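Go ahead and model the full structure; you've got the sequences and the hints to work with.
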Amino acid sequence: MKERTRLSSGNMLLLELLFAIIVFSLTLSVTLSVFGEAYALSRQAEGRDMAVAESNDVAEIIRSAEYVSEIDGLLALKGLSKSADGSYETSYGDGKYDMRLTTSLSGKLYTAEITCYDLRSTDGTPIYELKIQHALKKGDGRESAPAEGNDGR
1 MKERTRLSSG
11 NMLLLELLFA
21 IIVFSLTLSV
31 TLSVFGEAYA
41 LSRQAEGRDM
51 AVAESNDVAE
61 IIRSAEYVSE
71 IDGLLALKGL
81 SKSADGSYET
91 SYGDGKYDMR
101 LTTSLSGKLY
111 TAEITCYDLR
121 STDGTPIYEL
131 KIQHALKKGD
141 GRESAPAEGN
151 DGR
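Numbering (my numbering), first residue to last: 1 to 153.
Honestly, the hints are just simulated from the structure, not real lab data. Keep in mind that this is a model prediction, so the values were computed, not measured. Warning: the hint list may mix true and false statements.
[Stated by the list, open to error] List time: in silico BS3-like cross-link candidates among lysine-lysine, alpha-carbon distance up to 27 Å: (1) Lys82 / Lys96; (2) Lys131 / Lys82; (3) Lys131 / Lys78; (4) Lys131 / Lys96; (5) Lys96 / Lys78; (6) Lys108 / Lys78; (7) Lys137 / Lys82; (8) Lys131 / Lys108; (9) Lys108 / Lys137; (10) Lys108 / Lys82; (11) Lys78 / Lys137.
Next comes the structure, spelled out in structure tokens:
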């Protein structure tokens with residue numbers, strides 16, 4: 001005849017603790033994945049917010065200027081450095097993001113394409129793009145401006 005063994009109360013406690021540890025582990029893994037996803041979304045939102053703010057600053061600089069030389073000077077004050085190919089570049093957000101500004105001039109129409117990148121991202125796709133067109137006054141701004149108070153009347 002087979003002898004039946006019953007689990008003692010100590011063995012039952014160990015089995016219950018094992019199930020509690022398994023449930024706790026599963027709950028912990030789900031919670032950590034949710035917080036990880038929230039962190040990634042927060043980082044993307046931070047990048048987009050900073051890109052919009054920096055791009056709008058540059059757009060206002062371009063829209064406020066009347067001459068190309070004035071735009072160049074204001075962009076230099078903003079911290080954008082001009083490269084050999086004529087485009088501008090700067091990093092912002094403690095070096096986490098990069099902004100590239102490509103400009104062209106067709107007659108009096110000044111066109112600027114602003115592209116912002118997340119330097120921590122590996123795919124290289126831009127996080128924000130903005131295209132601006134602004135009509136400038138004729139000339140490069142080096143000619144003399146009219147005397148103050150002399151409006152031609």
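The hints, checked one at a time:
no.	hint	result
1	Lys82 / Lys96	20 Å, holds
2	Lys131 / Lys82	18 Å, holds
3	Lys131 / Lys78	18 Å, holds
4	Lys131 / Lys96	22 Å, holds
5	Lys96 / Lys78	17 Å, holds
6	Lys108 / Lys78	23 Å, holds
7	Lys137 / Lys82	22 Å, holds
8	Lys131 / Lys108	16 Å, holds
9	Lys108 / Lys137	7 Å, holds
10	Lys108 / Lys82	21 Å, holds
11	Lys78 / Lys137	22 Å, holds
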